[in-house]
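The numbering of the sequence shown is the numbering used here, which starts it at 1 and goes up by one.
Think of the hints as simulated: they come from the structure by calculation, not from any bench. Some hints could be false.
Subject to a maximum C-alpha distance of 20 Å in a straight line, what follows is the list of computed SDA-like cross-link-like pairs (lysine to any residue) [claimed, not checked]:
no., residue 1, residue 2
1, 318, 115
2, 97, 49
3, 280, 49
4, 55, 99
None of these values were measured; they are calculated from a predicted model.
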Amino acid sequence: MSAIHIDRLLEATIKKGASDLHLSVGRPPVLRLNGQLRDLATKVLEPDDTMALMKSITPERGQQELQEQGGCDFGFAFKSADGLAAARFRVSVFRQKSHIGLVLRKIPYKLLTFEQIGLPLICSELVRRPRGMFLVTGPTGSGKTTTLASMINYINVNFDRHIITVEDPLEYFHEHKKSIITQREIGGDVPTFSEALRRALRQDPDVVLVGEMRDLETISAAIRAAETGHLVFGTLHTNGAAGTINRVIDAFPTDQQEQIRVQLSSTLLAVLSQALCPRKDTEGMVAAYEFMVVTPAIANLIREAKTFRIDSMIQTGKKFGMQLLDDHLLQLYKDGKISEEEAIDKSKNPADIANRMGVKMNRPDTELDTTPGANRTAPPGGKA
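Construct all of the structure, not just a fragment, from the sequences and the given hints.
So, in structure tokens, the structure goes:
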């Protein structure tokens, strides 16, 4: 299979509106369409095919990393010969069963507005803040990158700021508008997230985007940047606002956690946790959100290690635009936008949301007793 075939595959990915292209030995190329995997009507890929496809798009640095570490990530721009199909792709290349596999995530060129992606209106107020931390969380493929790109674009269009993004790899490309945009790629422009953050503070930034807060050093540097008078955006693979706060605090050694709670309570602006669901009413996807704004009351809960009470505080914070994920899923279901099964599958508490829908579920995760420790099983001959 020659390079021309990768062009055809990428054109098909764009024209069909797929989010991802999977290339794996022993199966035809596969598209992810509206959350479902669909084979393309082409030949089954052989080891030589995936190797040729990989070499046709992977830069030398990536091929070397693949040899040394068994995988690499990079991004590239694609435009079809007729000029009608264009997008950026984020690529993950990896070895599996001694063969080459690839997954290409499509990143549209068009940046969406807050209204188009359904963000709470208060987000436009929060991104004006001169300092603090705004976290966007959710599982892989939940649209965090698109949400952050929309926020960065909003600042870029409306305010004169110096925005530094640190990503692995670069996904959305931003042009200078009212702001100055500096985009740094891990591996190409700078070796690590923590190093990029350390240097960013000497580059007169107003806004810093951290593509992934994946280790203690990066999380610590991001909190420090927010404390020292910068607006910091970051992502974590966590579900829910309370879970996000716990994850950040738990990343630190026990003897530092009390201090981090204090820092977090004063620097955290908001947590937006999202899940992406296939639409029932039309083609495409819709995002369900959990949104928490850090009010003085929530800041106290963070300081006092009472994050278990955050969900009830979110429920009473509707005037600030706050909402729980399960409440939004239920609303999307009632509006006919997502299916009953999708709402239950993506919820944090399947038993509760099924009950609120009036649905009788015969699934293990809805039969559990939700009281703490009730579902622990005792080890043989011992106590739980």
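A quick look at each hint next to the structure:
1. 318 to 115: Holds - the C-alpha atoms of residue 115 and residue 318 are around 18 Å apart, at most 20 Å.
2. 97 to 49: This hinted pair holds, its Cα atoms lying about 15 Å apart.
3. 280 to 49: At roughly 36 Å apart (the allowed maximum being 20 Å), residue 49 and residue 280 break the hint.
4. 55 to 99: The hint holds at about 13 Å.
Of the numbered hints listed earlier, the single one contradicted by the structure is hint 3.
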